[in-house]
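Asks: Each chain, written out:
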Amino acid sequence: MVEEKRILYEHLDVPDINTFDVFRQYDGYKRFEKAIAEYQPDDIAKMVMDSGLKGRGGAGFSTGLKWSFVPRDIKPCYLCCNADESEPGTFSNRYVLEKNPHLLIEGILICCYAMGIETTYVYIRGEFTLGKKMLDAAIKEAYEKGYLGKDVCGTGLNIDIYTHPGAGAYICGEETGLIESLEGKRGQPRNKPPFPAVEGVFSKPTVVQNVETLCNLPFIVGNGVEWYTQMGPTYGDTRFDPPKPDPNTGTKLYCISGDVNEPGVYELELGLTCSELIEVAGGLRGEEVKAVIPGGSSAPILTHYELDTRLDFTSLTLAKSMLGSGGIIVMNETRNIVDCLLNIMKFYAHESCGQCTPCRWGTPWVRDIVQRIADGGGRPDTITRPKFGVTESGRWGDTGETEEIYEDLDLLESVANNIANVDTMTWNTICVFGIAVSWPAVSYMRKFRPEFEAAIREGKLVTLPVAEATVPPEENYAYQQRFIPKELESE
Amino acid sequence: MSDELIQIETPFAFNEENQREFDELIERYPIKEAAMLPTLHLAQRQAGYITPAVMKYVAEQLDVTVMKVKDVVTFYPMFFEEPVGEYVIRVCHTLPCALRDCKVVLEHLKAKLDTDIASETNLAKGTTADGKFTLMKVECLASCDVAPVIMINDDLYKNLTPEKVDEILETLTG
Chain A
1 MVEEKRILYE
11 HLDVPDINTF
21 DVFRQYDGYK
31 RFEKAIAEYQ
41 PDDIAKMVMD
51 SGLKGRGGAG
61 FSTGLKWSFV
71 PRDIKPCYLC
81 CNADESEPGT
91 FSNRYVLEKN
101 PHLLIEGILI
111 CCYAMGIETT
121 YVYIRGEFTL
131 GKKMLDAAIK
141 EAYEKGYLGK
151 DVCGTGLNID
161 IYTHPGAGAY
171 ICGEETGLIE
181 SLEGKRGQPR
191 NKPPFPAVEG
201 VFSKPTVVQN
211 VETLCNLPFI
221 VGNGVEWYTQ
231 MGPTYGDTRF
241 DPPKPDPNTG
251 TKLYCISGDV
261 NEPGVYELEL
271 GLTCSELIEV
281 AGGLRGEEVK
291 AVIPGGSSAP
301 ILTHYELDTR
311 LDFTSLTLAK
321 SMLGSGGIIV
331 MNETRNIVDC
341 LLNIMKFYAH
351 ESCGQCTPCR
361 WGTPWVRDIV
371 QRIADGGGRP
381 DTITRPKFGV
391 TESGRWGDTG
401 ETEEIYEDLD
411 LLESVANNIA
421 NVDTMTWNTI
431 CVFGIAVSWP
441 AVSYMRKFRP
451 EFEAAIREGK
461 LVTLPVAEAT
471 VPPEENYAYQ
481 QRFIPKELES
491 E
Chain S
1 MSDELIQIET
11 PFAFNEENQR
21 EFDELIERYP
31 IKEAAMLPTL
41 HLAQRQAGYI
51 TPAVMKYVAE
61 QLDVTVMKVK
71 DVVTFYPMFF
81 EEPVGEYVIR
91 VCHTLPCALR
101 DCKVVLEHLK
111 AKLDTDIASE
121 TNLAKGTTAD
131 GKFTLMKVEC
141 LASCDVAPVI
151 MINDDLYKNL
161 TPEKVDEILE
171 TLTG
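Sequences listed follow chains A and S, in order.
Using my numbering, you'd call the opening residue of the first sequence number 1 and step up by one each time.
Using my numbering, you'd call the opening residue of the second sequence number 1 and step up by one each time.
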């Protein structure tokens, strides 16, 4: 059985770790002191690049690379810490804020030192009243002890941290939506480019990082890059010769919920399989796994055929899903996938910001189609359409064959694909919210099509046994991998 | 337009404590407008909900038009434009809570409070006759490990069952 590897969460349950004195006993702020004493800002940026740290917020973008885009000659530059944790199934940041806020402050300090940043805004979701209270108290303490404010620790650096409450909009977790919201407007995402690294909040270069990403920094600085890169697998992208290294280093705060016996946050090295994680979380509640959502509700679903998929950024991308924010939702054999999709589509229809037409109108439309099917009103007419799939050339396209499909299922796929096309990975919206809607809609429908068909045929929700409900992976594009990963020998 | 159509409400202004907090807030941002969300939170805490007078006052304080404040208020679900009960009960009904039977909790609350569920455009529908509670459904509250959860004002209640809901309501109604 895989053992938990607590690093970020190591001292989480120590009583009063939220106070400066106790935090200090557990190496608190010593990593920051080490950073300013032993390294130049550029050394820290290089360490983060070498560590292979990937952003933990959802996109999994290399943190070091993001930092390298920030122009060093334009000041002021801002840091926005994204604590707007709203993805269904994710709840790891809440515990950091509520129990160990000084760790986040230390991470912010290291980032500020590396990037020459003086002002940080921590965007906390409005519902996290306790988290905000704890962080505010910790910030106050840090000011008193001289770790924030003017001339931090006698180095001449000026660093300020402010908390900024959100007000319940999911879309403000998207980085440009967050920036708009921080500027006091509706949280409607911006077109990219310009990327926030060049032109972000108040039209100045801005680094936007998730809470968990920032909390990794003290440990990278404190224990060194070599220690950090030993955790988690590094793959080679075989499309390049020699294979291009693709690191998935470090630990991840996996949030597991749904049908497991002990739901909660488990900090584990990246790269364990889905079934291993379920075992760590006390095993399945029920007889059989029907489906697993691997990265918050936006991620395409995994079936029981895919339980040996490794839960890291690269492996899940290859499995046509994503690790996202690490919110894993497990469903057992009693669950109806149409019902689950309906729940998720209600969420997206409610949370669409209304800026782009395909999303504003498409999300309620998709919800209505699923609602109709769930209510037993799915249209029983079928249509014959060209069968798309993997062609002889190995690419996605028209196979020359035809298939019979229920009109409503064709419509569902068509509307979802017009918000964002999951096969070509292009979206008709400004932000990736579009793809976050289509991904679940299309993947649930393709992978659990028998259950959708049964609901239309029978005129009511029918929960099929797992084996019957799932489309097997053979020749199904919903499962197809883009290239085969090869684990690099650790040197 | 006759004067009767334009409802003149009691004007709004921050009390001393909130004024102090607001003065601190405004210092944090290079542009005043950026303090919009924290200011609206502050104003809502004092006034109970965002009235036109509150919007006018906030607009004056931040040097923006009233329309801009209205624009923001209508976007965020946490700002209310209608009166709400003393206790706002937010019931999470997103997938992880749904898998743990949040429906039972919601139905129980509905029956117990004898009220409907508020919609964003009609908060009165979910407010009890005595004005003590407002019941609403919200999206994920980021506590899926202790599902089902509800939030009453600023407090989160975890692992709920109908019996626990009864206990909580009892302590609130005293």
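Derived by calculation from the structure, the hints in this document are not laboratory data.
Note that this is a predicted model, so its numbers are computed, not measured.
Treat each hint with caution, since some may be false.
To be verified - Result set (SDA-like, lysine to any residue): computed pairs, CA atoms no more than 20 angstroms apart in a straight line: (1) 99/A <-> 158/S; (2) 133/A <-> 56/S; (3) 137/S <-> 364/A; (4) 150/A <-> 26/S; (5) 140/A <-> 20/S; (6) 32/S <-> 364/A; (7) 185/A <-> 33/S; (8) 103/S <-> 375/A; (9) 140/A <-> 24/S; (10) 185/A <-> 44/S; (11) 56/S <-> 375/A; (12) 150/A <-> 27/S; (13) 185/A <-> 74/S; (14) 30/A <-> 12/A; (15) 68/S <-> 186/A.
As the list claims (entries may be wrong) - A short, non-exhaustive set of chain S residues, derived as facing chain A with CB atoms under 8 angstroms: (16) 36; (17) 41; (18) 53; (19) 124; (20) 139; (21) 142; (22) 154; (23) 157; (24) 172.
We put the CB at the ideal spot given by N, CA and C, even for glycine.
Asks: All hints are to be evaluated individually against the structure, with a verdict given for each.
Replies: Here's how the hints hold up against the structure:
1. 99/A <-> 158/S: holds, 17 angstroms
2. 133/A <-> 56/S: violated, 29 angstroms
3. 137/S <-> 364/A: Between residue 137/S and residue 364/A the Cα gap is close to 18 angstroms, so the pair holds against 20 angstroms.
4. 150/A <-> 26/S: The given pair, whose Cα atoms are some 19 angstroms apart, holds under the 20 angstroms limit.
5. 140/A <-> 20/S: Within the cut-off at roughly 17 angstroms; holds.
6. 32/S <-> 364/A: Given that 20 angstroms is the threshold and the Cα spacing comes to 36 angstroms, the pair is violated.
7. 185/A <-> 33/S: Within the cut-off at roughly 8 angstroms; holds.
8. 103/S <-> 375/A: Holds, at about 17 angstroms.
9. 140/A <-> 24/S: holds, 14 angstroms
10. 185/A <-> 44/S: Cα-Cα ~17 angstroms, so holds.
11. 56/S <-> 375/A: violated, 45 angstroms
12. 150/A <-> 27/S: holds, 15 angstroms
13. 185/A <-> 74/S: Answer holds: residue 185/A to residue 74/S is near 11 angstroms, not above 20 angstroms.
14. 30/A <-> 12/A: Roughly 17 angstroms between the alpha carbons, so the hint for residue 30/A and residue 12/A holds.
15. 68/S <-> 186/A: holds, 9 angstroms
16. 36: Since the shortest Cβ distance to chain A is 3 angstroms, the answer is holds.
17. 41: Because about 6 angstroms separates residue 41/S from the closest Cβ in chain A, which is inside the 8 angstroms limit, the hint holds.
18. 53: This hint is violated: residue 53/S lies away from chain A, its Cβ roughly 20 angstroms from the closest one there, beyond 8 angstroms.
19. 124: Hint on residue 124/S: violated, closest Cβ of chain A at ~20 angstroms, above 8 angstroms.
20. 139: holds, 5 angstroms
21. 142: holds, 5 angstroms
22. 154: OK, holds: residue 154/S within 8 angstroms of chain A, min 4 angstroms.
23. 157: Nearest chain A Cβ about 12 angstroms off; hint violated.
24. 172: Violated: closest Cβ of chain A sits about 17 angstroms from residue 172/S, beyond 8 angstroms.
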